[in-house]
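Chemist: Sequence:
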Amino acid sequence: MSKKILLLSTLTFACEVTANSGYTYPSGYEIKIENKAAKVIAGEHRPELILKQKGSDNESHVTFSQFNVGPDGLNINNKINAGYIITEVISDNISRLEGNIRVTHNRANLFIVNPNGITVKNQFKISGTMHNYLITGRIKDTVDDWDDFTAEQTEHKGGKLRISGVNLRGNFNNTTLISSNINIRKSKIYANNLHIETILNRYNGYSRSPKITISKDAQIHAGLLSADLTGVKFKNFGKITGDLEFRTRDVTIENTGTITGGTGKIAYRGNMHFNGKNNTKYNNSDVFRDIDGDSIFDTGFKTVTIE
Numbered sequence: 142m143s144k145k146i147l148l149l150s151t152l153t154f155a156c157e158v159t160a161n162s163g164y165t166y167p168s169g170y171e172i173k174i175e176n177k178a179a180k181v182i183a184g185e186h187r188p189e190l191i192l193k194q195k196g197s198d199n200e201s202h203v204t205f206s207q208f209n210v211g212p213d214g215l216n217i218n219n220k221i222n223a224g225y226i227i228t229e230v231i232s233d234n235i236s237r238l239e240g241n242i243r244v245t246h247n248r249a250n251l252f253i254v255n256p257n258g259i260t261v262k263n264q265f266k267i268s269g270t271m272h273n274y275l276i277t278g279r280i281k282d283t284v285d286d287w288d289d290f291t292a293e294q295t296e297h298k299g300g301k302l303r304i305s306g307v308n309l310r311g312n313f314n315n316t317t318l319i320s321s322n323i324n325i326r327k328s329k330i331y332a333n334n335l336h337i338e339t340i341l342n343r344y345n346g347y348s349r350s351p352k353i354t355i356s357k358d359a360q361i362h363a364g365l366l367s368a369d370l371t372g373v374k375f376k377n378f379g380k381i382t383g384d385l386e387f388r389t390r391d392v393t394i395e396n397t398g399t400i401t402g403g404t405g406k407i408a409y410r411g412n413m414h415f416n417g418k419n420n421t422k423y424n425n426s427d428v429f430r431d432i433d434g435d436s437i438f439d440t441g442f443k444t445v446t447i448e
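Here the sequence shown is numbered in the numbering used here, starting from 142 and rising by one per residue.
In case anyone wonders, no lab produced these hints; they're calculated from the structure.
If you're wondering where the values come from, they're calculated on a predicted model, not measured in any experiment.
Yeah, the Cβ is synthetic: ideal placement off N, Cα and C, and Gly gets one too.
A couple of the hints might just be wrong.
Straight-line C-alpha distance at most 30 angstroms; calculated DSS-like pairs for lysine-lysine [to be verified]:
1. 357 to 281
2. 374 to 298
3. 327 to 195
4. 406 to 301
The calculated label-pair distances, taken between Cβ atoms and stated as ranges, are [to be verified]:
5. 167 to 285: 24 to 30 angstroms
6. 425 to 231: 21 to 27 angstroms
7. 233 to 424: 43 to 49 angstroms
8. 246 to 424: 40 to 46 angstroms
9. 306 to 194: 50 to 56 angstroms
10. 222 to 418: 47 to 53 angstroms
11. 186 to 422: 42 to 48 angstroms
12. 419 to 386: 30 to 36 angstroms
13. 199 to 443: 22 to 28 angstroms
14. 306 to 444: 37 to 43 angstroms
15. 194 to 309: 28 to 34 angstroms
With the hints as constraints, model all of the structure from the sequences given.
Modeler: Given below as structure tokens:
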């Protein structure tokens, strides 16, 4: 009898499901739901987040005090057939994502929102989705059209998006990164389409400029890498391969690594400082384009250096 009790206690500690719809991984990572839009169960091999409610825009918006995914991963049960799944942290805790996040039953667009920061590591991957959004900001107002979601609808307090040690094929697939501070290191990112946007709206008195850093030990392999960047210091020490489509305003790009692919376009407004042109190789010769120079509203008061 005592052996059975001991075994039961061990299993309960290993993967605990709490009464208020929470789950604790063996690693100690936790999922704690704050609203009634979903519940979490232990599942057969990994925890399962079961969506229960969706709104008039076909969205299921689940709020959390803790949203972390351990190496075992997480299944998101979308039997209700929501077109948009929003997981939003409303506490002061960051999110740590280390396993496969898999949407089951019906594909959807997945939004992972945490203004405190998101750390992506190891066996991270998202599957069963149409498009993914990793957002280190908070959503300002009611979203009228989730298909047309942009960084302008968010504001930030300096939450960082850290990507470290990921290397699974298809790990980012079709993904948008929305953040004021992105750091990629010791990683291989694979995506059909990878899009990056910087958050400009701030709260809680945060004042630092946006920055994106790709370390020497990091690689991005994308069919298309696109970005909308404003006031950003973009530093690439690593390797970027794939078609490129950047739209920038008052941006500094330092490319001591390599950026290569079939077609490259960097359309800039305002100040543009680009260092590392010789390390940027595309089949077309018109990689850089001055949008202001094509406009009758061009004031001419700007500095452009491309070398």
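Chemist: All the hints need checking, so say for each whether the structure fits it.
Modeler: Hint by hint, here is what the structure shows:
Between residue 357 and residue 281 the CA atoms are separated by roughly 35 angstroms; this puts the pair beyond 30 angstroms, and the hint is violated. With a C-alpha separation of about 18 angstroms, the suggested pair residue 374 and residue 298 falls inside the 30 angstroms cut-off, and the hint holds. At roughly 38 angstroms between alpha-carbon atoms, residue 327 and residue 195 are farther apart than 30 angstroms, so this suggested pair is violated. In summary, the hint linking residue 406 to residue 301 is supported, as the alpha carbons are separated by about 27 angstroms, within the 30 angstroms threshold.
Restraint check, residue 167 to residue 285: a C-beta distance of roughly 41 angstroms breaks the suggested window 24 to 30 angstroms. At about 45 angstroms, the CB distance of residue 425 to residue 231 disagrees with the hint of 21 to 27 angstroms. Take residue 233 and residue 424: their Cβ atoms lie about 48 angstroms apart, and the range 43 to 49 angstroms holds. Taking the beta carbon of each, residue 246 and residue 424 are about 42 angstroms apart, inside 40 to 46 angstroms as hinted.
Restraint check, residue 306 to residue 194: a C-beta distance of roughly 35 angstroms breaks the suggested window 50 to 56 angstroms. Checked against the hint of 47 to 53 angstroms, the pair residue 222 and residue 418 passes, with Cβ atoms roughly 49 angstroms apart. In this structure the supplied range 42 to 48 angstroms holds for residue 186 paired with residue 422, their Cβ-Cβ distance being about 45 angstroms. Between residue 419 and residue 386 the beta carbon distance is about 21 angstroms. The supplied range of 30 to 36 angstroms is therefore violated.
The hint said 22 to 28 angstroms for the Cβ distance between residue 199 and residue 443, and at roughly 44 angstroms that hint is violated. For the pair residue 306 and residue 444, the supplied restraint of 37 to 43 angstroms holds, since their beta-carbon distance comes to about 38 angstroms. For residue 194 paired with residue 309, a C-beta distance near 31 angstroms keeps the hint of 28 to 34 angstroms intact.
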